[in-house]
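Please put together the full structure from these sequences, using the hints given.
In this text, residue positions in the sequence shown follow UniProt numbering: the first is 1, and each later residue adds one.
Just so you know, the hints here were simulated from the structure itself, not pulled from any lab data. None of the values given here were measured: they were computed from a predicted structure. Each residue gets a CB set at the ideal place from its N, CA and C atoms; glycine is no exception. Among the hints, erroneous ones may be present.
The list that follows gives simulated cross-link-like pairs (lysine-lysine, DSBU-like), each with its CA atoms no further than 35 Å apart [said to hold, decoys possible]:
{"hint": "1", "residue 1": "Lys219", "residue 2": "Lys49"}
{"hint": "2", "residue 1": "Lys327", "residue 2": "Lys354"}
{"hint": "3", "residue 1": "Lys170", "residue 2": "Lys186"}
{"hint": "4", "residue 1": "Lys240", "residue 2": "Lys323"}
{"hint": "5", "residue 1": "Lys71", "residue 2": "Lys219"}
Derived DEER-like restraints, expressed as beta-carbon distance ranges [to be verified]:
{"hint": "6", "residue 1": "His222", "residue 2": "Glu99", "range": "28 to 34 Å"}
{"hint": "7", "residue 1": "Lys307", "residue 2": "His222", "range": "19 to 25 Å"}
{"hint": "8", "residue 1": "Lys71", "residue 2": "Asn372", "range": "39 to 45 Å"}
{"hint": "9", "residue 1": "Lys71", "residue 2": "Asp319", "range": "24 to 30 Å"}
{"hint": "10", "residue 1": "Leu187", "residue 2": "Phe226", "range": "37 to 43 Å"}
{"hint": "11", "residue 1": "Cys82", "residue 2": "Glu104", "range": "20 to 26 Å"}
{"hint": "12", "residue 1": "Ile26", "residue 2": "Gln84", "range": "22 to 28 Å"}
{"hint": "13", "residue 1": "Glu104", "residue 2": "Ile204", "range": "37 to 43 Å"}
{"hint": "14", "residue 1": "His110", "residue 2": "Leu380", "range": "53 to 59 Å"}
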Amino acid sequence: MTNFVSCLDSNFLDSHWKYPIEVQGIPPKHFTVLEKNLEPNACQTCHNKQFQNWKESLHSKSISKGFLWQKEILSSKEYQSCFQCHSPLPETKSELSTEFETKEILNSKHQNFPNGISNPSILCASCHIRNQIRFGPPPRTNAKEKSYINNLPHNGYIAKEEFESSAFCKSCHESKPNGKRLNGKKLMEVYTEWENSPFAKQGIQCQNCHMSEREHSWKGIHDKTFVQKSLLPTWKITEKNGTFHIQAELKSIGVGHRFPTYIIPKVYLRFYAILNHKSKPVLLEESVIGRIVNTNLTEEYLDTRIKPQMSHQVSIGYDPKEKKVLKFLWEIEVDPDEQYVRQFEEQRLENDKKLNPESKKMLQESLLEKKNSRYLLFTLNWQVPVLLPQ
Numbered sequence: 001m002t003n004f005v006s007c008l009d010s011n012f013l014d015s016h017w018k019y020p021i022e023v024q025g026i027p028p029k030h031f032t033v034l035e036k037n038l039e040p041n042a043c044q045t046c047h048n049k050q051f052q053n054w055k056e057s058l059h060s061k062s063i064s065k066g067f068l069w070q071k072e073i074l075s076s077k078e079y080q081s082c083f084q085c086h087s088p089l090p091e092t093k094s095e096l097s098t099e100f101e102t103k104e105i106l107n108s109k110h111q112n113f114p115n116g117i118s119n120p121s122i123l124c125a126s127c128h129i130r131n132q133i134r135f136g137p138p139p140r141t142n143a144k145e146k147s148y149i150n151n152l153p154h155n156g157y158i159a160k161e162e163f164e165s166s167a168f169c170k171s172c173h174e175s176k177p178n179g180k181r182l183n184g185k186k187l188m189e190v191y192t193e194w195e196n197s198p199f200a201k202q203g204i205q206c207q208n209c210h211m212s213e214r215e216h217s218w219k220g221i222h223d224k225t226f227v228q229k230s231l232l233p234t235w236k237i238t239e240k241n242g243t244f245h246i247q248a249e250l251k252s253i254g255v256g257h258r259f260p261t262y263i264i265p266k267v268y269l270r271f272y273a274i275l276n277h278k279s280k281p282v283l284l285e286e287s288v289i290g291r292i293v294n295t296n297l298t299e300e301y302l303d304t305r306i307k308p309q310m311s312h313q314v315s316i317g318y319d320p321k322e323k324k325v326l327k328f329l330w331e332i333e334v335d336p337d338e339q340y341v342r343q344f345e346e347q348r349l350e351n352d353k354k355l356n357p358e359s360k361k362m363l364q365e366s367l368l369e370k371k372n373s374r375y376l377l378f379t380l381n382w383q384v385p386v387l388l389p390q
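So this is what it looks like as structure tokens:
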């Protein structure tokens, strides 16, 4: 089964992400107890670094309280449609809905998860195993010592270059062609945005940024350091005849799609004048970067997201009316879960009598978690006096 010969296969992704994904089936008889177990902590035995990264990632939390509480307000069809990306294996789906408790699925779960499924989210097997065959990216080295290959666990694996291609991520990070559209755009167009970017033309894939060095953490908008490295804020302030002029620019330098992508996150740019050390800062302007839609996902109000290598610019004039300005302040705040907060707040009010106590608790805890995900990305100060225009 071991195969380290890899080339792009146009049919591989179609079959690998063909839905519904089939059950893993009966493990080969010669597999050890450890090899037969598809729980991530079993994979940890040999892939500890990947396991530790995954454990802290959002992939390992795709089935969370924010997901589970919605079972009561969604139809069975709507709820199960989310499984395709949030819990793609039929074995994990059976943990979420009795409709997947078929004889075939339960038998496969018993064979491959002998101790049960502790987390029905996106698991190692969700991406790497189909019908008991392991798949992954080509090895980094050309070392092919025969004695080593012959002793590989689980029959080795089949190497596929697609694991390092953006197309591998498209299945879950791009809405289907026949999906809902607002202003002619799909709700999620991450792959299309990348495909039309300079990054795609340069051969820079999703994995180059979100899985650097094959790290299984998939860092994104929730990671402050990761986001800081991708943006460049610059500004200039001049003064003429008592009026201050602020020219600011937030440039996307390392984001291979629109920033922020999708409809969930929002980024706020706030400019203040500080007149003295005792009074509150004077808010000069606040602008939002993001795609703003209503909670029913039926109307788009605004889309100010930044395209790759492009920038968001702000121009402000401020007359302090003979008051002395000590300094100017520019804050950039990221709200990774803004859309969820709005939706969950409304749904909590609308469905207060419908939700059982357990669902209410999960909703409240999830809402608090998402409210607390906000963070200050940059804080810039400009002391006065400013440079006079040339």
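A quick look at each hint next to the structure:
Taken as a hint, the Lys219 and Lys49 pair is honoured in the structure, with Cα atoms around 15 Å apart against an allowance of 35 Å. With a CA separation close to 52 Å, the supplied pair Lys327 and Lys354 exceeds the 35 Å bound. About 13 Å separates the Cα atoms of Lys170 and Lys186, which keeps this hinted pair within 35 Å; it holds. Taken as a hint, the Lys240 and Lys323 pair is honoured in the structure, with Cα atoms around 15 Å apart against an allowance of 35 Å.
Proximity of Lys71 to Lys219 is assessed by CA-CA distance (about 28 Å); at most 35 Å being required, the pair is judged to hold. Judged by the Cβ atoms, the range 28 to 34 Å given for His222 and Glu99 holds: they are separated by roughly 32 Å. The supplied range of 19 to 25 Å is met by Lys307 and His222, whose beta-carbon atoms lie about 22 Å from each other. Separated by about 24 Å at the C-beta atoms, Lys71 and Asn372 break the suggested range of 39 to 45 Å.
Checking the proposed 24 to 30 Å range against Lys71 and Asp319 shows it is violated: the Cβ atoms sit about 56 Å from each other. Remark: the range hint 37 to 43 Å for Leu187 to Phe226 is contradicted by a beta-carbon distance near 23 Å. For the hinted restraint 20 to 26 Å between Cys82 and Glu104, the CB-CB distance of approximately 22 Å keeps it satisfied. Evaluation of the 22 to 28 Å hint for Ile26 and Gln84 yields a pass: the beta carbon distance comes to about 25 Å.
Hint check: Glu104 to Ile204, Cβ distance near 41 Å, so the stated range 37 to 43 Å holds. Between His110 and Leu380 the Cβ separation comes to about 58 Å, which falls inside the hinted range of 53 to 59 Å.
Checked against the numbered hints listed earlier, the structure breaks hints 2, 8, 9 and 10; every other hint is satisfied.
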